[in-house]
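Peer 1: Construct the entire structure; sequences and hints are all you get.
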Amino acid sequence: MPTLIFDGVAYGMLLFVLALGLAVTMGLMNFINLAHGAFAMVGGYAVILLMQKQGWPFLLCLPAAFVITAALGAVLERLLYRRLYGRSHLDQVLFSIGLTFMAVATVDYLVGSQQQNVQLPEFFRQRFEFGSGFWMLGMGAYRLFIVIVCVLLAVVLQQLLARTRFGSRLRAAVDDPRVAAGLGIPVDRVFLVTFAVGSGLAGLGGALGADILGLDPSFPLKFMVYFLIVCAVGGTSSITGPLVAALLLGIADVMGKYYVPKLGSFIVYLLMIGLLLWRPQGLFSREGGR
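Under our numbering, the first residue of the sequence shown is numbered 1, with each subsequent residue one higher.
FYI, nobody ran anything at the bench for these hints, they're computed from the structure.
A quick note: this is a predicted structure, and the numbers were derived from the prediction, not measured.
Some hints here could point you the wrong way.
To be verified - Pair by pair, the computed Cβ-Cβ distance ranges are:
hint	residue 1	residue 2	range
1	E129	V151	19 to 29 Å
2	D175	T240	12 to 22 Å
3	L94	G167	36 to 46 Å
4	P280	G86	22 to 32 Å
5	T240	Y269	16 to 26 Å
6	P186	Q159	33 to 43 Å
7	F145	L263	22 to 32 Å
8	F130	D108	41 to 51 Å
9	D188	Q126	43 to 53 Å
10	K262	V111	26 to 36 Å
11	L80	G167	17 to 27 Å
12	Q158	H89	25 to 35 Å
13	R189	F130	40 to 50 Å
For each residue, glycine too, the CB sits at the ideal point set by N, CA and C.
Peer 2: Here it is, written out as structure tokens:
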């Protein structure tokens, strides 16, 4: 049981960092970016190509994946996304899901449709065991690493949004862009940085999850629903909401597949329906916003 809970927490943390960028763009920028999974895929393939073609070590590839996808996000925000900020959510959904299909086709053409494997360093393949019998806790070193990285990300982002000048500028720009611009806040630049960071987080999540989730050109389509579930259940007005939702869904998914394998992912959807019936606005939400 403790091992299953730990694996569920690790899986939930991975879902959290994958969905965090989408929560940022939806909650803080009021933009529905269904191409979020494509940025995660880019981060995963960046790690694969840097390791296989350039011989980079895995730990160095992780920040590189963040930088590459953040830069790609900044370019696309300036050229494409910025034109959609004032449009309806339907326009945003159609635009971004179109980008997703284009990304899937492009990667399939350039890299191929085969599953990609990440060669983790030897120290990440270790396993630690504590206790015995029913209460034995088995922890894979790589899953423990994911948990630590995601906790640090959650703390840093929460402090960034709540206690820094950039966080206050972002909140002001979201609540009323015209007034914020009148006060001298560079709204376009704030949104550019926010979108780039959200894209970079997606890329980092894709890089971290390539070994556990698998990586192929259909990655954005397979996990798009999971990203949306985390944001819908947790709410997008804070970092806490997606974190709690991702942990609940991760543990439910792992436990459900172990104890009731025939139901598969149905447990996750059942939990989502129950939570949304109880809290339609998400577990952690606030009124207002842009």
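Peer 1: If you check each hint against the structure, which ones fail?
Peer 2: Violated: hints 3, 6.
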